[in-house]
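Trainee: Sequence:
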Amino acid sequence: MNSAKERFIELLKQVERPGMDNLVSYMLNETDFFTAPASATYHGACEGGLLDHSLAVYDNLIVLANTFFESYDHQSLIVCALLHDICKANFYRRGYRNRKNEATGQWEKVEVYEINDQMPLGHGEKSVMILQRYIQLTIDEMMAIRWHMGGFDDAARGYAGAQCLSNAMKSHPLLVALHMADMATCYFTGK
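Just so we're aligned, residue 1 is where the sequence shown starts under our numbering, counting upward by one.
Simulated from the structure, these hints should not be mistaken for lab results. Take the hints with a grain of salt, since some may be wrong.
Unchecked claim - Simulated pairs of lysine-lysine, BS3-like, Cα-Cα distance not exceeding 27 Å: (1) K170 to K126; (2) K5 to K170; (3) K13 to K126.
As the structure is a prediction and not an experimental result, all values here were calculated from the model.
The whole structure should be built from the sequences, with the hints applied where relevant.
Mentor: What follows is the structure, encoded as structure tokens:
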């Protein structure tokens, strides 16, 4: 087991919640979470990208939590940071595309990641649904994971959706912190 995977599992073991062992078993035995990319073409578009992204979000969330909150339940920080993108497990597959080699001008067949969504339930809401099959989430955790994409979530683009997001952000500071940690990870570290 690689050190990133070991660290991830050790952090999850700190969460004292019924069903966590079953969730870890599901992730290890029924998903590609630890080898999946974080995206098809953007941040972490490589084998293990989702694992690296999740750990980097955790590290950034800890910094933000220590900066902006007097105290926050560390177990909630672990759950939100490490599992906010569990919806991306079993979501991508390898495929091929033709890409022009800029140096030679020749077209070449290159391996890429493609979306293969077998459970099209959205993004954040899908993560919440998957997690609730194994562990009970708090309302704060549900809101943070559901809306962690902020304004990038298609559901937030219309007036009603934007109002939902705004109300959730006002009431659940963990949501704002998770969104900031996720954005910092994507745009500052490229993970």
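Trainee: Indicate, hint by hint, whether the structure satisfies it.
Mentor: The hints, checked one at a time:
1. Between K170 and K126 the alpha-carbon distance is near 22 Å, which keeps this suggested pair within the 27 Å criterion.
2. A threshold of 27 Å between alpha carbons decides the hint, and for K5 with K170 the separation of about 34 Å lies outside it, so the pair is violated.
3. For a cut-off of 27 Å, the pair hint linking K13 to K126 stands: about 23 Å separates their Cα positions.
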